[in-house]
Structures are given as C-alpha cells and as structure tokens.
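Asker: Please work from the sequences and hints to get the whole structure.
Number of protein chains: 2
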Amino acid sequence: MKEILSTKNSMIKELKKLHKKKYREENQQYIIEGFHLIEEAVNANAKVKWVLFNQRGQLEWSAWLDDQPQELLVFVSDEVLVSLSELPTPQGIIAVLEMPVYDENLHLGGSWLLLDNVQDPGNVGTMIRTADAAGLSGVILGEGSSDIYNSKVLRAMQGSNYHLPVIRKSLEDIIDNFKERDIPIYGTELNPEAISYTNVSKVKEYALIMGNEGQGVSQKLLEKTDQNIYIPIKGKAESLNVAIAAGILMYHLECHE
Amino acid sequence: MKEILSTKNSMIKELKKLHKKKYREENQQYIIEGFHLIEEAVNANAKVKWVLFNQRGQLEWSAWLDDQPQELLVFVSDEVLVSLSELPTPQGIIAVLEMPVYDENLHLGGSWLLLDNVQDPGNVGTMIRTADAAGLSGVILGEGSSDIYNSKVLRAMQGSNYHLPVIRKSLEDIIDNFKERDIPIYGTELNPEAISYTNVSKVKEYALIMGNEGQGVSQKLLEKTDQNIYIPIKGKAESLNVAIAAGILMYHLECHE
Numbered sequence: 001m002k003e004i005l006s007t008k009n010s011m012i013k014e015l016k017k018l019h020k021k022k023y024r025e026e027n028q029q030y031i032i033e034g035f036h037l038i039e040e041a042v043n044a045n046a047k048v049k050w051v052l053f054n055q056r057g058q059l060e061w062s063a064w065l066d067d068q069p070q071e072l073l074v075f076v077s078d079e080v081l082v083s084l085s086e087l088p089t090p091q092g093i094i095a096v097l098e099m100p101v102y103d104e105n106l107h108l109g110g111s112w113l114l115l116d117n118v119q120d121p122g123n124v125g126t127m128i129r130t131a132d133a134a135g136l137s138g139v140i141l142g143e144g145s146s147d148i149y150n151s152k153v154l155r156a157m158q159g160s161n162y163h164l165p166v167i168r169k170s171l172e173d174i175i176d177n178f179k180e181r182d183i184p185i186y187g188t189e190l191n192p193e194a195i196s197y198t199n200v201s202k203v204k205e206y207a208l209i210m211g212n213e214g215q216g217v218s219q220k221l222l223e224k225t226d227q228n229i230y231i232p233i234k235g236k237a238e239s240l241n242v243a244i245a246a247g248i249l250m251y252h253l254e255c256h257e
Numbered sequence: 258m259k260e261i262l263s264t265k266n267s268m269i270k271e272l273k274k275l276h277k278k279k280y281r282e283e284n285q286q287y288i289i290e291g292f293h294l295i296e297e298a299v300n301a302n303a304k305v306k307w308v309l310f311n312q313r314g315q316l317e318w319s320a321w322l323d324d325q326p327q328e329l330l331v332f333v334s335d336e337v338l339v340s341l342s343e344l345p346t347p348q349g350i351i352a353v354l355e356m357p358v359y360d361e362n363l364h365l366g367g368s369w370l371l372l373d374n375v376q377d378p379g380n381v382g383t384m385i386r387t388a389d390a391a392g393l394s395g396v397i398l399g400e401g402s403s404d405i406y407n408s409k410v411l412r413a414m415q416g417s418n419y420h421l422p423v424i425r426k427s428l429e430d431i432i433d434n435f436k437e438r439d440i441p442i443y444g445t446e447l448n449p450e451a452i453s454y455t456n457v458s459k460v461k462e463y464a465l466i467m468g469n470e471g472q473g474v475s476q477k478l479l480e481k482t483d484q485n486i487y488i489p490i491k492g493k494a495e496s497l498n499v500a501i502a503a504g505i506l507m508y509h510l511e512c513h514e
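Chain order of the listed sequences is Z and H. Quick note on the working numbering: the first sequence kicks off at 1 and runs consecutively. Quick note on the working numbering: the second sequence kicks off at 258 and runs consecutively.
Don't take every hint at face value.
Across the chosen pairs, the derived CB separations fall in these ranges [said to hold, decoys possible]:
1. H:Glu260 to Z:Glu60: 52 to 60 Å
2. Z:Pro232 to H:Thr264: 52 to 60 Å
3. Z:Lys152 to H:Thr264: 31 to 39 Å
4. H:Glu437 to Z:Ser201: 35 to 43 Å
5. H:Ser427 to Z:Asp176: 55 to 63 Å
6. Z:Lys234 to H:Ser427: 48 to 56 Å
7. Z:Lys234 to H:Arg313: 56 to 64 Å
8. H:Gly401 to Z:Asp66: 37 to 45 Å
What the simulated footprint calls covered on chain H by chain Z, stretch by stretch (three residues with Cβ under 8 Å from a Cβ of chain Z suffice, anywhere in the stretch; the number is not a length) [what the hints assert, rightly or not]:
9. 388-394
10. 492-500
Just so you know, these hints were derived from the structure itself, not from any lab. Each residue gets a CB set at the ideal place from its N, CA and C atoms; glycine is no exception.
Answerer: Here you go:
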C-alpha cells in the first residue's frame, strides 16, 4: 500500500489535473468521491486505478478496504485528500477511475435517450439517473452536452453511469443508425406538427432526443425525427425544466405495469 | 427618480440584508434579479417596492422603465448593483418586492402539491415550476422546506410563484383540512402497502405529498394519507430525484387531453 503525505508529490499533482476536462480526456481518467459511489463503481466492475483515503477513511471503511486489491490503495494525509476533493466537506475517500471504452459497433437495441447540447451538469446527471430508473437501454451525448465526468454530473448521476452505457457520439450518425433499422426517433419541440406525448403509442425500441435548456433540440436533428412530441402546459409556466420533461416522457414511453 | 451611487448608502445597506432569510422574513421583502423575472412579477401584479438599475439597464429597458411608476425607480452605480446581485454576471436590473399575503382562510380547492422538508433549493423551485406547468392549484411548503425567496429557488421557479399560490403552513393542519372535505391525500413512499402511481385513478381534487431528499415523507404524515404511491424503478438506480418523481406524478394525476 502506497503512502503519500505531501500535496507536492508528483502523482498527486497529476491527479489534481483531472479536475479539468482537458486532462480527463487526455488521460481517459476521472475522479469520484464518497464511499457510496466508489462502492457502486467497484461492484459494477469499473476500472479502478487508485483508491485514496485518509486516516478517517481508513477507520470508517477498513473492512471494505481490506477486500480491495492492495496495489490500488493509497494512504494520504488530510491535506492531500482535501487538495483532491471538490466537495465543501470531503469524505475520507476518493477514487481515480479509467473511463469505460464502448465497442464502436455496440448494438443500439432497446430504448435510448439522446442529449443534444444539454449544458447544465445537474440536468445531464439527473437525466441519466432517470433513464436508468425508467429502464432505458442507454444514453448518448451529442456535441455540446456536458462532460459526464464533471463532479456535478457525477453527483447527480448517483452511479447510474455504472448501470447503463453512456456514450459520447455524433447524434446525426446515431440517428441514421436508428433510421436504417426503422426504429422511431422522437424529437421534443413545440410546433404545430408536434403531437402530445400522451398520443404516442408505446414501442419497445425508440430514441428520444432532449435538447438544450434555452434553444431546445437543434433544427438539423428535428428534421431527421419521425415524430416530434410535446408536453402540454396547462398552467402559466412557459416551459418545463428539461430534466423534468425527460422524466415525464421516459416514464410514459417505457412500459411499466 | 432616486439616484444612489454609493454602496455605503443606508438604503442599500438595508437591502443587502435581504440576502439573508432572517431579514427577508422580518421585513417581508425579497430581491429578484433579471429583466424577465421582474417583468413577470409586474405583469402578475406582485407588490414591487423598488426597481434598481444601472446605466446598462437604463439603456436596455428604457421603454419598460418609462411605463413604471417613477417613484419606484432607483438609478444606481455599477458598484451598487453588483453589491446587491447574487449572480456571477449580474444583469443591469434588480427589484425589491413585498412578499404576498395569502388569506388565512384561502379555500384549498383543486389539486395541491405539499412539500415536506424538501431541502434543495433547486428541487423546491423546479417542483413549483412543474406544479404550475401541470396545472395544479397551488403548492404548500411545510416545516423544513427551503425558503422560496432564496435566490436559487427564485431562479428555478422562473416566476411560477406569480402564477399560483405558494403558501407556508403546517402540513398536519392542511391534511386535516383536506380530510374534512373527503379529498384524497397521496403520500409517496416505497412500502408493501403503497401502490404504483399508474394504478391511481385521476380525480379533480387531491393533495400529493413529496418528501425530503434523503428521508422521504415523514412517518407522521404518511400515517395520515389515504393512499401511498410509488414510481416503479425498472433499472438499477436506487431512486429518482424528488423533483423528477414529482413531475411524473403530477403529470399523471392531472388530466391532460
């Protein structure tokens, strides 16, 4: 078991860079915080590179730590742990993980949520968590959507990225893939040709596109959909939050007896 | 039209205190930021005490400002505006409003969302916005739920507090009121006696209770409900975010043709 007590240690300096998206992508690694999430990642066989903990963490999760491959464990000082944490009150445990690699030719069967330029990390994370709960097959993030390894997205996802594939890919390519297989693609928008979601019949395979908080789904994608759907607004609100709208639509489209 | 150029001005010092809940409640006043929200408040006849704007705001919204009662308007320096703002990049306009006073004997007709100790400001604000969109009659905040005049709640509500009554009251008293009128009260929980929301028939009048992010609805309230309902989890997520759950339930319970 390694031991690192100084924040000036070169490995710690490298890991701290993972707070920035650029370095996460270069290294294909990211940081998660808190025991619950780390346990979830390990249970889902995510590729753990390091588990760092301070004295408090060592005491609190000693049984669990004993069960882990000892070459992954790093005992660190409180200062080191705080320097790696992005939480106001860090728990005593942090892990560094390798990003999953999905097969380029992964078969996109079942029902998929497609996020087009959704920018708020809380919205992206919550939608992935809801897709998991509703039983969708996976989530695809197109250009512009928030990086899922951002600490706010990770907190909002609550580990759902370990339960279903979350893939970054061009939505135009993905939509073509669905179209070739005659799988319906639903866009979301308010226009005269859109229909209320309650009139959409339930099917086993579909793709649902949710769009940017301000602009909605981009025009070039809406033109490729089979049907554009909306959620009726009965009161005086101008619109729904995009994550709420996604929740209502996914729970409607999936069959729940 | 008043003009205040110094952050040391006594009125500005007083208004700054409204960033704290304690002072908001003592003065029964609160601050909103951004033109869109202020316009919404004015259109809904909310009681505006002051509209403060800097030179940029004066240029950008001159036509609208001309239409307002001139005794409400306060031209302020950029420093003063920044000192009152809680946004990273303040727009050039801020308003001070008086909190609405609801009749103690307000008739609770129609459908109501009851929030029991919901703590996250974003969740509270989003649920009020969704209740508005879904067409509910109003929202009641019980003990412990976030203050709606917190700037984060105000941002998430997007003006829905000007569209439907949002009342702070003891939920136990409110539930007794509904019970006396034979209006069904739905709690939300996961227990063997709870039923799936898809099996709840739609009625015109009801109360739906959503609970704390961690603990759910408190036991003492669950004991008073007519029916406890849950949303099935089909995937591996442990739970849904409370605002997403509220959105799914409200859109299911309200009739939308």
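Asker: Indicate, hint by hint, whether the structure satisfies it.
Answerer: How the hints compare with the structure:
no.	hint	in the structure
1	H:Glu260 to Z:Glu60: 52 to 60 Å	holds (58 Å)
2	Z:Pro232 to H:Thr264: 52 to 60 Å	violated (47 Å)
3	Z:Lys152 to H:Thr264: 31 to 39 Å	holds (32 Å)
4	H:Glu437 to Z:Ser201: 35 to 43 Å	holds (42 Å)
5	H:Ser427 to Z:Asp176: 55 to 63 Å	holds (57 Å)
6	Z:Lys234 to H:Ser427: 48 to 56 Å	violated (28 Å)
7	Z:Lys234 to H:Arg313: 56 to 64 Å	violated (37 Å)
8	H:Gly401 to Z:Asp66: 37 to 45 Å	holds (39 Å)
9	388-394	holds (count 6)
10	492-500	holds (count 8)
Of the hints listed earlier, those the structure fails to meet are numbers 2, 6, 7, in rising order.
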